[in-house]
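Protein chains in written order, with numbering that gives the first Met the number 0: chain A, 0 to 309; chain B, 0 to 278; chain C, 0 to 277.
One should not assume that every hint holds.
Said to hold, decoys possible - Label-pair restraints from in silico Cβ distances: (1) A:Val136 - B:Pro34: 28 to 38 Å; (2) B:Leu45 - A:Lys133: 27 to 37 Å; (3) C:Arg1 - B:Asp166: 22 to 32 Å; (4) C:Leu10 - B:Pro34: 56 to 66 Å; (5) C:Phe60 - B:Leu45: 27 to 37 Å; (6) B:Arg185 - C:Thr42: 52 to 62 Å; (7) B:Pro79 - A:Thr170: 37 to 47 Å; (8) A:Leu177 - B:Leu45: 35 to 45 Å; (9) B:Lys4 - C:Phe60: 47 to 57 Å.
To be verified - Listed next, the stretches of chain B that the computed footprint assigns to chain C, with coverage defined by at least 3 CB atoms under 8 Å from CB atoms of chain C: (10) 11-24; (11) 80-89; (12) 105-112; (13) 253-259.
Said to hold, decoys possible - In silico BS3-like cross-links for lysine-lysine, where the CA-CA straight-line distance does not exceed 25 Å: (14) B:Lys4 - A:Lys133; (15) B:Lys222 - B:Lys4; (16) A:Lys261 - A:Lys297; (17) B:Lys42 - B:Lys30; (18) C:Lys274 - A:Lys133; (19) C:Lys274 - B:Lys101; (20) B:Lys42 - B:Lys54; (21) B:Lys30 - C:Lys127; (22) A:Lys86 - A:Lys261; (23) C:Lys158 - B:Lys4; (24) C:Lys12 - B:Lys97; (25) B:Lys222 - A:Lys162; (26) B:Lys97 - C:Lys274.
Derived from the structure by calculation, the hints contain no laboratory data.
Virtual Cβ for every residue (Gly too), placed ideally from N, Cα, C.
For reference, the chains in residue letters:
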Amino acid sequence: MGHLRQIGYGRENCEQRQAAAPLEVSRRRRPGRGGLLGRPALIALAALLVALASGCGSEPGAPGAAPAGGRPLCIAGSTSVEPFLEKLAELYMREHRGARIDVQGGGSSAGVYAAHQGAADLGSCSRELTEGEKGLVEIPIAYDGIAVIVHPSNPMTDISLEKLRQIYQGTMTDWRSLSLPPHSIDLITREEGSGTRNAFEELVMGEHEITPGALVQDSNGAVRELVSTDPYSIGYISLGLVDPSVKALSINGVKPDPDNIKNHSYKLVRRFLLISRLAPTGQAKAFIDFILSPQGQKILEQEGLVGISE
Amino acid sequence: MNQGKFIERVLLFLALSAIGCLALITIFIFKEGMPLIWHTGLKDFLFSSHWAPTKGYFGIGAMIISSLLVTLGALVLGVPLALACAIVLAEFSPPRLKTILKPTLELLAGIPSVVYGFLGVIWLVPLIRDHLGGPGLSLLAGAIILGIMILPTVISISIDALDAVPDLYRDGSIALGATQWQTVRRVVVPAASSGIVTAVILGMGRAVGETMAVIMVAGNALKIPTSVLDPVRTLTSNIALELGYASGRHREALFATGIVLFVIIMILNLSATLITRRR
Amino acid sequence: MRLDPRISQTLAKTVLWAFTGITLMILLFIIVNIAVKGLPQLTPQFLSHNPEDMGRAGGIFSCIVATVYITVLAIVLASPLGVGTAIYLTEYTLESRITRVIRFGAECLAGVPSIILGLFGFVLFVMKLGFGWSVLSGGLTLAIMVLPTIIRTSEEAIKAVPQEYRQVCLSLGLSQWQTVTRIVLPSALPGITTGIMLSVGRSIGETAVLLFTAGAALRTPLSLFDSGRTMAVHFYILAREGLSMPNAYGTAAILVISILLINLTAYTLMQRLMKRYS
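In isolation and in its complexed conformation, chain A is listed as follows:
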C-alpha cells in the first residue's frame, strides 16, 4: 500500500485532491460552455486574427533587409538565365570559400517581383523591364538569342518570321502548310510571366497574340524536353540552352549562333539582366563584378551566350 500512497492514492491524498479537484470535475458537467474561458476568449482571438489578416493583406511588404552577413545571396527569376547563374555561382563559391549563393527559377516576372519586394536580393530577367518596373536598377550581363526549335527528325531547317508568327497565332495549324506530311502542329509556348515569352512576343508576334490553344510549359528545359520527344512539335527556348536533342531553325535564312548575334544578322536577340531594388552592395556587388569580369564573361561565352561588351 505504501507505494500506492507515494504515487498519489490512499485516502489522505484522495481527500486532499478532492478538495482541490472538485471544480474541475463539476466543470466538465456544466453544459453550454464551449471552453473554459469560452466565448470571450474566442471572440478576442477572432478579432485579433482578422486584424492580423488585414494588416498582412493591406500594406505592401516591408522592404527586405539587405543581405546580412549570415544570409545567402538569393537570385531569383528567369529560367533562361538560371543555368548560367548556377554555373557562375558554382565557380564563384569554389573560389570564395564562405560565399553562399542560391539561385531560384520562377520566370522573369517572378524574379523582378521578388527583387522589388525584397524576397530576393537580385532578380534575373530575360526581357526588358516594362514601364511599371522602370524604377529598378538593371544590370545587363549578356546577350542571348531565342532559338526556334523542332524535333531532330523534322526535315525543316529554316522558317520565315511571317510563317512563324502565323503558326503561333493559330492561323497555321498543320505541317501541311509548310510542305511537310500532314499532321497538326503541336505548338509549345511558355507561361505568361516568362521573359523568353515576352521577348518572343515582342520580336516575333508584334501586335498579335499567341493562340490560347498552345501547350504551355513552365521552363526552357521543359520546352526543350517536350520538343525532343514530340516529332510534330515546335517551340522556342534560349539559344544558350539548345543541345543535340533538338534542332534550331534558321530564321529568314540566318542561322542562330553567337556570331550572327554579334553581327546583328540574327534578329531574335534579348538581353539578360540582373535586377536590384537599390544599387547592389556587398556580396551582391562582388558576384556581379565577377560576372562582368573577363573571367565571368568568358564562361558565359563558352556556354553559348554573347558577352555584354559585344
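Mind docking chains B and C on chain A? Use the hints.
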C-alpha cells in the same frame, strides 16, 4: 491544484493557436480573393473563359470546365476499377490475399504525385500521341493519371465500407438461396453504399486538388477542350503557373480561384458528411 | 432474357477479377518501373554527394538534408499544436456546436489543395514577412498543411481510449491533467504517432508547396533562412527538364522507399493499437 488550471490554460492556448492558424488562412484567402470577385463580377469570373490577367480579363470558366472534366474522367476511369478491386478483395478473395494486398494498397497511396506525373509523361503521353492523336498532353492523359492516383484511396475506404457490413446480411441472403454474386450485388453493396460514396467523394476531392501531376501531363492550354485529346489547364495548374509573378489584381484573381476550389472542396466534404449521417 | 444466376455470377466474377488484375498490374508497373530503373542508382556516392551541374551529375545529399530539415521543422511545429488541440477538444470541452464547427473546419482544411497553401505560404512567409525562399517558409507552410491531419488522427486516437479508464482515474482521485498524461495519452500514443508518421510521409512527397516556399537552391541548407530543395522538388525539376533520367529515377526510388517505410511504420503502429483494444 493550480498546476491543473495552468495546464488547461496552456492547452487552451495551443488549441486556440492551432484553430487560429487555420482560421487565419481561410480569412486570408477570402480577404485577398473577394475584392477581385466584386471587381469582375461573380458571373463573369466564373463563366467567362477569357483569362488574360495582364490585360485585365479574369474569366476562369475554361479552367473550371477543365477541372471538372478531368475529375469526371478520373472518376469514370478509376471508380469502376476501384470498386471491382474492393469487391473482389472484400468478398471473393481468400483472406490471406486480402491481408497482403490491402496494406500494400494503402502504402501505395503515399507515392508522390510527381512520380505519377513523371511516369505519365514517359509512358502515357507518347502512347496517346502515337496511337490516338493530338499532342499527347491532354485531358485524357490527365484523367487517366488522376484515375490511377485515386485508386488506392477509393479501394481502401470501399473495402472498409464493405467489411463493415455485418455477416448477418450475407448469411441471410445465402439462406434465402441467393448466389454469392447476387448477395454482393443486391445486399452487401447497397448496405455499404454510404461508405462507398464517401470513398468516391474523397477520391474526387483528391483529384480536384491535384496540381503537379496535372501540370506535367495535361498540356496547360487555355482553351475549353473540344475533345479528350485536347490539352487543358485546370484551376490548380493555373495557380501554380502564375503565382510566382502575379501581383495586384492578378494575385487577387489567383486567391479568388483558391476560394472557388475551397468552396468546391467544402461542398464535397459536406455531402460526404451528410451522406454518412443519413445512414 | 434472364440469365441463370450461376452464369451471371461467373460472368460477374470474371469481369471483376479482370478489373482487379488490371488495377494491380498498373500499380505493380509503377513500383517495378521505379525500382528497376532507380534502385541501381542508389549508391553511397549518390546519397552522400551534392548535385552538380544543375543535377545532371553528382548525388542528392543536399536534397536529403533539406527534406529532413524541413519535415522535422514542420512536425516539430505542428505536433504540439495539433495534439494539444486534440486533447483540449476531447478532454476539456463538451461536444457542442463550436467543437463541431472546429472539426468541420479542420476537415475542410485537410482537403484544401496544397497549391493554395503554397500560394498562401508564398505570399505571407516568402514575400510579406520577408523570410524569402527558406527552410523556415517551407516548414511553416508544411506545418499548416499537416495540422488538420494531426488534430484529426489524435482526436480519434484519444477518443478511442475507453471511457472506463478515465472514470477509474477520476474515482481514484487523479486530477484531469494527471488522467490525461498518465493514462489517456500513453494509450492513445500509437494512434497519435500513426497520424504524425502519415503526416511525415505526406510532407516528404509534397512538391507544389515547397517549390514556392522553400525554393530550389542546390546547396545544403544550414540555417533556417537558407533555401533548399527537397527530394521531391529535385525530382520534379530533373524530370521536367530532362536533365538526367538516371538521377531522376534514383531520386524517385529513394523518395518512394522513404515514404513506403514511413507508411509501413505508421501502419504497424496502427495494427498494434487495434490489437490492444480488440
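field: Hint numbers contradicted by this structure
entry: 5, 14, 15 and 18
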